[in-house]
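S.K.: Sequence:
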Amino acid sequence: MKILAHTLAVLMLLLSTSALAVTVIPLKGQTSQAIAQDTSACQSQANAQHPVQSTVPSGGRAKGAATAAVAGATAAEVRGRQHENVYDQIDDDTRQDYRQNHARSAAAAGAVVGASRQRQARRQNNAASEQSVTANNSVYSSCLQQRGYDVLP
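In case it helps, mature numbering (1 follows the signal peptide of the UniProt record, and there is no 0) puts the sequence shown at residues -21 to -1, 1 to 132.
Bear in mind the hints are in silico, worked out from the structure with no lab data behind them. Incorrect hints may have been included.
Each pair of labels, with its calculated beta carbon distance range [what the hints assert, rightly or not]: (1) N104 <-> T73: 17 to 27 Å; (2) S95 <-> R58: 20 to 30 Å; (3) L131 <-> A106: 25 to 35 Å; (4) A107 <-> D70: 19 to 29 Å; (5) S121 <-> Q12: 56 to 66 Å; (6) T53 <-> N26: 43 to 53 Å; (7) E56 <-> S33: 40 to 50 Å; (8) H62 <-> V31: 49 to 59 Å; (9) S111 <-> E63: 55 to 65 Å; (10) D67 <-> Q110: 52 to 62 Å; (11) N104 <-> Q16: 26 to 36 Å.
We put the beta carbon where it would ideally sit given N, CA and C, even for glycine.
Modelling step: build the complete structure from the supplied sequences, incorporating the hints.
M.R.: Written out as structure tokens, the structure reads:
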């Protein structure tokens, strides 16, 4: 009966801590309540020392496109002003079309650059997240081992 209780406690523990892919085996005949308390305390300690964050950068394409569109329109205006005698003779609609065309071209390029930066940030976040998870799991396992459990991956 005691083995069944421990088995059920370990099963409940595994279901409640799905982020950790470990098996916790009590070595000192701990009760299911003690197992739950110990695992909770160790998880809190691990999260306090090495919090696991999973942020996914988003909006890189849109930000890049918007920034580049403004820059493209401004650059078109500056280029047009360099030839003031011709630029002033052109009607407002043509000038606006000229600025919009340059803004469109720049926005397309900006979207590509923004997407590239977003991918780079995502790769860096993934690497940092993996390190954080590894450190968190290490603290969690050490804590449980000190409390009299065997922790198997």
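S.K.: Looking back at the numbered hints, which does the structure fail to meet, lowest number first?
M.R.: 1, 4 and 5
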